[in-house]
Amino acid sequence: MRSGMTAGLAVTALVLTACGSGPDTEQTLRVGAAASLQEPFEEIAEDYEAENRHVTVELQFAGSSDLAAQISNGAEVDVFASADEETMERVSADVAGEPTVFATNTLTIVTEPGNPRDISGLADLEDVTLDVVTCAPQVPCGRSAEDLAEARGVMLTPVSEESRVTDVLAKVTSGEADAGLVYVTDAAGAGKDVATVPIRDADAQPNRYPIAVLTSAPSDEAQAFVDAVTGSRGQRILDDHGFGLP
Amino acid sequence: MRPPAWLWLPASGAVLLVVVPLLGLVAEVEPDRLPELLTTQASIDALLLSLRTASAATVVSLLLGTPLALLLARGRWPGQSLLRALVLVPLVLPPVVGGLALLFTFGRRGLIGQHLEAAGLSISFSTTAVVLAQSFVALPFLVLSLEGAVRGLGRRHEEVAATLGAGPWRRLTHVTLPLVAPGLVSGCVLAFARALGEFGATLTFAGSAQGRTRTLPLEIYLQRESDPDAAVALALVLVVLATVIVGTVYARTVRPEPAA
Numbered sequence: 001m002r003s004g005m006t007a008g009l010a011v012t013a014l015v016l017t018a019c020g021s022g023p024d025t026e027q028t029l030r031v032g033a034a035a036s037l038q039e040p041f042e043e044i045a046e047d048y049e050a051e052n053r054h055v056t057v058e059l060q061f062a063g064s065s066d067l068a069a070q071i072s073n074g075a076e077v078d079v080f081a082s083a084d085e086e087t088m089e090r091v092s093a094d095v096a097g098e099p100t101v102f103a104t105n106t107l108t109i110v111t112e113p114g115n116p117r118d119i120s121g122l123a124d125l126e127d128v129t130l131d132v133v134t135c136a137p138q139v140p141c142g143r144s145a146e147d148l149a150e151a152r153g154v155m156l157t158p159v160s161e162e163s164r165v166t167d168v169l170a171k172v173t174s175g176e177a178d179a180g181l182v183y184v185t186d187a188a189g190a191g192k193d194v195a196t197v198p199i200r201d202a203d204a205q206p207n208r209y210p211i212a213v214l215t216s217a218p219s220d221e222a223q224a225f226v227d228a229v230t231g232s233r234g235q236r237i238l239d240d241h242g243f244g245l246p
Numbered sequence: 247m248r249p250p251a252w253l254w255l256p257a258s259g260a261v262l263l264v265v266v267p268l269l270g271l272v273a274e275v276e277p278d279r280l281p282e283l284l285t286t287q288a289s290i291d292a293l294l295l296s297l298r299t300a301s302a303a304t305v306v307s308l309l310l311g312t313p314l315a316l317l318l319a320r321g322r323w324p325g326q327s328l329l330r331a332l333v334l335v336p337l338v339l340p341p342v343v344g345g346l347a348l349l350f351t352f353g354r355r356g357l358i359g360q361h362l363e364a365a366g367l368s369i370s371f372s373t374t375a376v377v378l379a380q381s382f383v384a385l386p387f388l389v390l391s392l393e394g395a396v397r398g399l400g401r402r403h404e405e406v407a408a409t410l411g412a413g414p415w416r417r418l419t420h421v422t423l424p425l426v427a428p429g430l431v432s433g434c435v436l437a438f439a440r441a442l443g444e445f446g447a448t449l450t451f452a453g454s455a456q457g458r459t460r461t462l463p464l465e466i467y468l469q470r471e472s473d474p475d476a477a478v479a480l481a482l483v484l485v486v487l488a489t490v491i492v493g494t495v496y497a498r499t500v501r502p503e504p505a506a
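Going line by line, the protein sequences match chains E and F. According to the working numbering, the first sequence is numbered sequentially starting from 1. According to the working numbering, the second sequence is numbered sequentially starting from 247.
Just so you know, the hints here were simulated from the structure itself, not pulled from any lab data. Don't take each hint at face value.
Here are the computed distance ranges between Cβ atoms for each label pair [unchecked claim]:
1) E150/E to L280/F: 28 to 34 Å
2) A93/E to D278/F: 48 to 54 Å
3) D475/F to V101/E: 24 to 30 Å
Where chain F lies over chain E, by a calculated footprint (3+ residues, C-beta under 8 Å) [to be verified]:
4) 48 to 56
5) 123 to 136
6) 162 to 169
7) 173 to 185
From a predicted model like this one, the values you see are computed outputs, not experimental measurements. Quick reminder that beta carbons are idealized off the backbone N, C-alpha and C, glycines included.
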């Protein structure tokens, strides 16, 4: 597929040169971003494209670890935004310059709408008659959940440890689980399908999202996209979607 | 009869398409670390759980699928083709759709699940849910192979048995089933192998808890996030298991045509 894309680009470039469309040739900027960033990044990319008319942003959303693995295996990505610093660390060999933390996220409890089991905080999740679902400790949201529970001296015994935060949310919205630990942004995205029970002082241990230009394409365009995310407008969009700002 | 020689060209393409990615996987394995990676408690739990649930799913498929396959192959009744189509649907469904279907049926608020829940029976997050998910995807494999075997048999033997006074049950147990035994075995094995590889429906429906619902494919998926080497090692186990299982059955049931 990549060769097809390259061929397509080559043809586009040829046509553009033939037309003599000036010095700005069409460019594609490939951005790999954590799945939780989908909505804000789509907005930021739209803004960016409006200001950089010669660039098409190609967004790819997946689990941070998925993306990191693809990058390590040679995927051509220009900019990478990860859900935690540990995952960014894994591709450090492919990063040009220093990653910048541009957003934070914290965990919250979600329950069925109306909170029928009357959960008021993290300690209530110790109740063994509750079906509690969390992320597995191997993934960012699970690491956060584990750290948080440990810091509060709460013993969680989840009935299921999911690989993705969206799977935790799905178990709660479908009514299979009584409660789950997800990011505040996921809870906000779920709207009326869940009730949100904030965890006191959870933002003392936030997840930090870093973004970086990768060595495969240290272009001005890639840096400009990072600037768009870390700039005031990008930060406002992230804020609108419930992210904390560094 | 010998097929045209040029068929080897596209055929080798087919072999490469399937075999080379498997070699790619094997090449990624670090042999020195294999023992260490495969003997973690999580790996052992996942492997044992997978073997247990896939066996259970095979038994379920056998008990429910055999009668269905016989009726589909031999019976003549209204709605037969529609039913056959429906039973085969899980073969082509995206796994997550199967998971959703199970969720809306056996989940806590599901069609049947809500009544079970009221009776104090909860399937969600249990090993039963895994077996259900695996049976859902594995059953069509058994039905398909067995139905094909029974149809391929023709009716001659049964008719002879009937003229000799054998009733329907005796014809079934003494004539039909022994004759289709290879088809039954290969159906079971395919069902077992499919159950072993089940992923999407389990993840959607049963969840992922070590020793209870986290089967080998789910463990691979999870390990890939934090320890890709462990994921590759476990993936190798799954590939070897599948190859051995499918290989032994086909070696026994698909004999080459005798040379003329």
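Against the structure, the hints:
no.: 1; hint: E150/E to L280/F: 28 to 34 Å; in the structure: holds (32 Å)
no.: 2; hint: A93/E to D278/F: 48 to 54 Å; in the structure: violated (23 Å)
no.: 3; hint: D475/F to V101/E: 24 to 30 Å; in the structure: holds (29 Å)
no.: 4; hint: 48 to 56; in the structure: violated (count 0)
no.: 5; hint: 123 to 136; in the structure: holds (count 3)
no.: 6; hint: 162 to 169; in the structure: holds (count 3)
no.: 7; hint: 173 to 185; in the structure: holds (count 4)
In summary, the structure is inconsistent with hints 2, 4 from the numbered list given earlier, while agreeing with the others.
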